[in-house]
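Asker: Protein chains in written order, with numbering that gives the first Met the number 0: chain C, 0 to 235; chain P, 0 to 114.
Warning: the hint list may mix true and false statements.
Unchecked claim - With a straight-line Cα cutoff of 25 Å, these simulated DSS-like cross-link-like pairs (lysine-lysine) come out:
#1 C:K110 <-> C:K28
#2 C:K110 <-> P:K57
#3 C:K86 <-> C:K67
#4 P:K57 <-> C:K165
What the hints assert, rightly or not - Covered by chain P, per the in silico footprint, the following chain C stretches (three or more residues, Cβ under 8 Å):
#5 96-109
#6 160-171
#7 219-233
Hints were generated in silico from the structure; no laboratory data involved. Please read these numbers as outputs of a predicted model, since none were measured by experiment. Beta carbons are placed, not taken as given, at the ideal position from N, Cα and C, and that holds for glycine.
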Amino acid sequence: MLVSVYRYNPEKDSAPYMQDYNIDIPGGKDVMVLDVLALVKEQDTGFAYRRSCREGVCGSDGMNINGKNGLACITPISEATKGKMDKLVLRPLPGMPVIRDLVIDMSMFYKQYERIKPYLQNDTPAPAIERLQSPEDREKLDGLYECILCACCSTACPSFWWNPDKFVGPSGLLQAYRFLADSRDTTTAERLTDLSDPFSVFRCRGIMNCVNVCPKGLNPTRAIGHIRNMLLNQQI
Amino acid sequence: MVTSVTNLGRSGLYDWIVQRLTAVVLALYTLFLVGFLVATPDLTYGQWQGLFSQTWMKVFSLAALISICAHAWVGMWTISTDYLKNAGVRTVFQLVCAGFLFVYLVWGIDILWSV
Numbered sequence: 000m001l002v003s004v005y006r007y008n009p010e011k012d013s014a015p016y017m018q019d020y021n022i023d024i025p026g027g028k029d030v031m032v033l034d035v036l037a038l039v040k041e042q043d044t045g046f047a048y049r050r051s052c053r054e055g056v057c058g059s060d061g062m063n064i065n066g067k068n069g070l071a072c073i074t075p076i077s078e079a080t081k082g083k084m085d086k087l088v089l090r091p092l093p094g095m096p097v098i099r100d101l102v103i104d105m106s107m108f109y110k111q112y113e114r115i116k117p118y119l120q121n122d123t124p125a126p127a128i129e130r131l132q133s134p135e136d137r138e139k140l141d142g143l144y145e146c147i148l149c150a151c152c153s154t155a156c157p158s159f160w161w162n163p164d165k166f167v168g169p170s171g172l173l174q175a176y177r178f179l180a181d182s183r184d185t186t187t188a189e190r191l192t193d194l195s196d197p198f199s200v201f202r203c204r205g206i207m208n209c210v211n212v213c214p215k216g217l218n219p220t221r222a223i224g225h226i227r228n229m230l231l232n233q234q235i
Numbered sequence: 000m001v002t003s004v005t006n007l008g009r010s011g012l013y014d015w016i017v018q019r020l021t022a023v024v025l026a027l028y029t030l031f032l033v034g035f036l037v038a039t040p041d042l043t044y045g046q047w048q049g050l051f052s053q054t055w056m057k058v059f060s061l062a063a064l065i066s067i068c069a070h071a072w073v074g075m076w077t078i079s080t081d082y083l084k085n086a087g088v089r090t091v092f093q094l095v096c097a098g099f100l101f102v103y104l105v106w107g108i109d110i111l112w113s114v
């Protein structure tokens, strides 16, 4: 299989370039893209990429696989090549500064995540054991808490490409709604006020690239719609 | 919170609502004009002038004119803050847009009230 990989080492290269490798897939099996990356690394030890859990939980190996963002560890090569098993083109997640090869600088992504205060805030006295939640209230967090912060969605979003310092991005907004929807959080009004400016939420144009690429099957566009509705209810 | 001094209403929600309400006004105005033209196949200058000389039509046209200016400003402001990263270039672009929209508004009012 022909594997074309984005290469860039700022200490040596003046510009990024694509490097091709011919990789023999053992037994012609339908392996994951991450397995192919390991075979590339065997050929070229200087090649850099991130990985950790290799089962779609840690979110380390988000990358652009044949034009679509995804996690290398849970993307089979048959899916990436639409069954043709002919060529893999691997690039870093788009729109972020490249540190080296497929490794990107995610500081802006984390800065936006930090901005939405991704933790429970409750100013009422703490109960003796724990803050209870009804099963119905707990259900509201389904489809929100599962985000693994792989950045596949935010780096597929043109609004995040143009304003990564101002637009929270789909991942951060999914988490923002996760805390807005939490019955135990008492800072809903403050959280909404922080999001009511023209950039943080309203840069979303609803093109749903985020939904298209999310490896966990989550729907940030729907969460953003819920935030808009909450803002409408609060400010009208 | 990210602040901006050049967007229409200082608030993202305000701009978002304005964009949608003005779109409804513009859609209604367009549908009305198309409907009028379809319902009046042998349109004469007198009928056209008669339509625009009525006060309700002036109000409707002015609403559409204000709507198009507000709608365009929200849109052009968004485009400028997405694609123009140089503050100087962005300011000039926004000033040119604001200038054009102001001229269109005043000129439009002048035309409407001269009928």
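Asker: Now tell me, hint by hint, if it's right for this structure.
Answerer: Status of each hint after checking the structure:
Distance restraint check for K110 (chain C) and K28 (chain C): the Cα-Cα separation of roughly 40 Å exceeds the 25 Å cut-off, and the hinted pair is therefore not satisfied. For the given pair, K110 (chain C) sits about 51 Å from K57 (chain P) by alpha-carbon distance, which is inconsistent with the 25 Å threshold. A hinted pair counts as satisfied when its Cα atoms are at most 25 Å apart, and K86 (chain C) with K67 (chain C) qualifies at roughly 14 Å. A C-alpha spacing of about 41 Å is found between K57 (chain P) and K165 (chain C), which places the hinted pair above 25 Å, so the restraint is violated.
Counting residues of the region 96-109 of chain C whose CB lies closer than 8 Å to any CB of chain P gives 0, which falls below the minimum of 3, so the coverage claim is violated. Here's how the region 160-171 of chain C fares: 3 of its residues keep a CB closer than 8 Å to some CB of chain P, so the rule of at least three is met and the hint holds. Chain P is given as covering the region 219-233 of chain C, and this holds because 3 residues of the stretch bring a CB closer than 8 Å to a CB of that chain, at least three being needed.
When each numbered hint is compared with the structure, violations occur for hints 1, 2, 4, 5.
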